[in-house]
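*Asks:* Chain by chain, the residues:
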Amino acid sequence: MQAIEVDHVSRIYQKYSSRHRFQTFKSALVKGDLFRALRPDELVTALDDVTLSVEKGQTFGVIGENGSGKSTLLKLIAGIAKPTKGEVRTQGKISALIELGAGFHPEITGRENVFINGIMLGLSKKEISAKFDEIVAFAELEEFIDAPVKTYSSGMYMRLGFAIAINVNPEILLIDEVLAVGDAAFVPRCLDRIDDFRRRQKTILFVSHDLNTVGKICDRVAWLKSGRVQRIGEPKRVVDAYLQDVAEEQERSFERRQQEPAAAPNGQEERRENRWGKREIEITRVSLKNARGQERRVFTPEDSLVVEMDVVAHSPADDFVFGIGLFNSQGICCYGTNTQLEDYEAVSIQGEGKVVCRIETLSLVNGTYYLDLAVHKRDGYPYDYHRNLYSFLVSSTHKDVGIGRLAHGWSFSPGIGIKPPQS
Amino acid sequence: MARIFRNLKELYRYRVLIQNLVVRELKARYRGTVLGFLWSFFNPLLLMIVYTAVFGLIINPRDPAFESKPMIYALYLFCGILPWHWFASSTLESANVLMINGNLIKKILFPAEVLPVVTVTSNMIHFFFGLPILLLFILLMGRPLTPYALLLPVVVFVQYIFTLGFNLMISSLTVHFRDIKDILSNWLTFWFFATPIIYPMTFGSIQNSAPLRLMLNLNPMTHIIQGYQYCLFYGGLFHWKRLGVTFLVSLVFFAIGYMIFDRLRDSFAEEV
Numbered sequence: 001m002q003a004i005e006v007d008h009v010s011r012i013y014q015k016y017s018s019r020h021r022f023q024t025f026k027s028a029l030v031k032g033d034l035f036r037a038l039r040p041d042e043l044v045t046a047l048d049d050v051t052l053s054v055e056k057g058q059t060f061g062v063i064g065e066n067g068s069g070k071s072t073l074l075k076l077i078a079g080i081a082k083p084t085k086g087e088v089r090t091q092g093k094i095s096a097l098i099e100l101g102a103g104f105h106p107e108i109t110g111r112e113n114v115f116i117n118g119i120m121l122g123l124s125k126k127e128i129s130a131k132f133d134e135i136v137a138f139a140e141l142e143e144f145i146d147a148p149v150k151t152y153s154s155g156m157y158m159r160l161g162f163a164i165a166i167n168v169n170p171e172i173l174l175i176d177e178v179l180a181v182g183d184a185a186f187v188p189r190c191l192d193r194i195d196d197f198r199r200r201q202k203t204i205l206f207v208s209h210d211l212n213t214v215g216k217i218c219d220r221v222a223w224l225k226s227g228r229v230q231r232i233g234e235p236k237r238v239v240d241a242y243l244q245d246v247a248e249e250q251e252r253s254f255e256r257r258q259q260e261p262a263a264a265p266n267g268q269e270e271r272r273e274n275r276w277g278k279r280e281i282e283i284t285r286v287s288l289k290n291a292r293g294q295e296r297r298v299f300t301p302e303d304s305l306v307v308e309m310d311v312v313a314h315s316p317a318d319d320f321v322f323g324i325g326l327f328n329s330q331g332i333c334c335y336g337t338n339t340q341l342e343d344y345e346a347v348s349i350q351g352e353g354k355v356v357c358r359i360e361t362l363s364l365v366n367g368t369y370y371l372d373l374a375v376h377k378r379d380g381y382p383y384d385y386h387r388n389l390y391s392f393l394v395s396s397t398h399k400d401v402g403i404g405r406l407a408h409g410w411s412f413s414p415g416i417g418i419k420p421p422q423s
Numbered sequence: 424m425a426r427i428f429r430n431l432k433e434l435y436r437y438r439v440l441i442q443n444l445v446v447r448e449l450k451a452r453y454r455g456t457v458l459g460f461l462w463s464f465f466n467p468l469l470l471m472i473v474y475t476a477v478f479g480l481i482i483n484p485r486d487p488a489f490e491s492k493p494m495i496y497a498l499y500l501f502c503g504i505l506p507w508h509w510f511a512s513s514t515l516e517s518a519n520v521l522m523i524n525g526n527l528i529k530k531i532l533f534p535a536e537v538l539p540v541v542t543v544t545s546n547m548i549h550f551f552f553g554l555p556i557l558l559l560f561i562l563l564m565g566r567p568l569t570p571y572a573l574l575l576p577v578v579v580f581v582q583y584i585f586t587l588g589f590n591l592m593i594s595s596l597t598v599h600f601r602d603i604k605d606i607l608s609n610w611l612t613f614w615f616f617a618t619p620i621i622y623p624m625t626f627g628s629i630q631n632s633a634p635l636r637l638m639l640n641l642n643p644m645t646h647i648i649q650g651y652q653y654c655l656f657y658g659g660l661f662h663w664k665r666l667g668v669t670f671l672v673s674l675v676f677f678a679i680g681y682m683i684f685d686r687l688r689d690s691f692a693e694e695v
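Those protein sequences? They're chains X and L, same order as listed. Just so you know, this note's numbering puts 16 at position 16 of the first sequence, and the rest follows in order with no gaps. If you want this note's numbering, it's the 1-based position in the second sequence plus 423.
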């Protein structure tokens with residue numbers, strides 16, 4: 001049985017131009033275009049012909065970038081917004097965790113707010129009275145429940161909001177990113193509650209940026225992109241497809257941002273302070289590639305980084321060193337080496353050639369990195385020094401921090417109860 | 424029309440919410456003050472004392488319509504000002520109510536008309552708190568309290584429908600035209616003086632001028648306020664025909680207001 005059916009749904013938002021924003025009632029009356037003024041100037045399609053269905057008892061994830069229409073979809077299912085085209089059918093009582101504690105009144109006590117919020121979410125007074133202690137206990141607010149809500153910290157506010165919403169005991173639970181703001185102790189308890197829901201065969205629609213959680217708790221996942229369903233299916237595969245798309249997208253936008261130094265015509269005089277040297281030996285072209293030889297600007301820590309330099313020696317030389325340095329965005333040198341340090345002995349160079357430095361496993365944490373490339377004499381005299389002219393991005397689902405991603409593993413003695421990550 | 428009835432039925436399902444929001448509104452209003460709930464009585468009492476002082480000691484009007492006594496005039500004034508205050512403050516609050524509660528409209532599923540209904544209702548309750556003060560002064564001034572005072576609920580009902588209809592329209596239009604708020608405060612001042620609150624219809628200058636009489640009679644609030652004055656001040660039966668017509672006009676206002684509100688409803692979540 002389907003708990004949620006979204007049938008060819010489109011949602012078009014009306015966007016009003018800045019002219020309209022300052023449109024006043026007076027001027028509308030004067031110009032006699034009251035009803036024209038109520039018409040929008042521009043239409044924005046938030047959802048475009050979306051069709052999906054969620055079976056009863058299923059936990060369904062929705063992923064996608066910001067602005068891809070996830071929240072709009074949730075609001076349509078919750079009934080807060082109406083589809084412009086198509087139809088949304090739901091079966092059973094819905095509770096939407098879109099914003100926790102929406103509708104709390106700051107001046108009145110937590111206790112009174114629990115009742116009013118509960119009624120707004122569709123509980124009767126009796127039901128709230130019956131669940132009141134449980135709600136307060138879950139929110140850990142026994143001491144403060146009779147204080148005005150304005151005195152609550154944002155964490156207390158959120159806990160109370162979650163505690164009420166989860167106790168509405170709906171058939172369908174809609175969750176929009178609300179766990180992102182919880183503190184470290186509260187989030188696992190929320191997830192426990194959600195697990196509890198799953199065991200009781202309730203339907204959950206889960207919108208999140210936290211792909212790990214999505215992968216862990218969802219039975220099926222839909223990926224929205226610019227208002228369209230890009231893919232629906234088994235979580236792991238959809239998340240992977242999404243990640244790949246994000247990486248490609250990053251790649252493209254990164255390339256747009258880059259000024260390609262290699263595109264500058266050769267032989268130009270000192271183009272900027274980031275490049276110096278008389279260029280008796282010149283680096284004419286640089287490309288960054290992955291293990292398969294594809295040019296890339298975005299890498300994962302597990303990728304190889306292959307730096308290829310086209311070099312030209314305008315006159316024969318026997319004193320030359322090739323060097324490479326990797327800097328992170330704080331300017332910290334993550335790694336640096338050159339042929340001299342590694343005891344390569346320069347013999348001769350003349351005309352065109354190619355130098356390849358292959359880093360087998362990048363092993364860096366997420367971030368933007370800059371490359372120094374140079375060819376110089378053994379005593380440091382620069383032929384051609386490129387300072388921070390090339391950059392690339394390391395992007396992954398890992399959350400570890402630091403400079404390098406050191407190869408590592410964990411192990412625990414049997415007495416320690418700890419679950420490995422799933423997936 | 425059918426839509427309005429459907430909406431009203433839906434609204435009835437939310438009566439517990441409305442009731443709780445009204446209570447919340449009343450509780451929150453004086454939360455943190457020393458006298459708390461007593462302010463609901465003190466405000467009209469102080470207002471009454473101010474009127475009595477100003478008219479009894481300073482302006483000192485001696486019109487035969489008020490037994491040539493300034494205190495009686497102050498009482499007359501109070502009969503009109505209390506219900507007018509209900510109307511005016513509901514209207515001003517309604518102009519803001521959707522914006523202030525934008526968070527609710529965007530995040531929680533419930534009919535938005537609950538909000539203006541709560542505004543009008545909680546202001547009505549405030550009006551009720553002023554009534555005992557008014558009755559007290561009526562007795563203190565030696566005016567008779569007649570059984571016609573029992574007809575008060577009829578007048579209250581007409582005003583409720585009229586105010587709600589007007590406020591539904593105002594609250595939904597303000598979402599799109601923010602400057603209605605500013606127009607409104609000026610408009611309400613004008614409206615106040617165009618309603619027989621500080622003067623009675625029986626004044627010769629009004630009775631002798633047909634256009635003035637027509638203008639006042641076309642104002643629905645004239646008949647509503649007069650209804651209160653008849654029930655409480657004059658102690659007689661109100662012009663039931665005029666009030667009946669006013670009731671029909673109020674129903675039309677309500678229908679139009681609700682229709683506008685309903686038409687703009689879907690834009691609230693985006694615009695507030």
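Since the hints were made in silico from the structure, they are not lab data. Be aware that a few hints might be false.
To be verified - Covered stretches of chain X (in silico footprint by chain L; criterion: 3 or more residues with CB under 8 Å from a CB of chain L, positions within the stretch not fixed):
1) 92 to 101
2) 109 to 118
3) 158 to 165
4) 212 to 220
We put the beta carbon where it would ideally sit given N, CA and C, even for glycine.
*Asks:* Each hint needs a verdict: does it hold in this structure or not?
*Replies:* Evaluation of the provided hints:
1. As drawn, the segment 92 to 101 of chain X meets chain L at 4 residues by the rule of a beta-carbon pair under 8 Å; at three or more, the given contact holds.
2. Given as covered by chain L, the segment 109 to 118 of chain X passes the check, having 3 residues with a CB less than 8 Å from a CB of that chain where 3 are the minimum.
3. Counting residues of the segment 158 to 165 of chain X whose beta-carbon sits less than 8 Å from any beta-carbon of chain L gives 0, not enough to reach three: the coverage restraint is violated.
4. Look at the segment 212 to 220 of chain X against chain L: 0 of its residues bring a Cβ nearer than 8 Å to a Cβ of that chain, fewer than three, so the hint is violated.
Hint violations for this structure: numbers 3, 4, all remaining hints satisfied.
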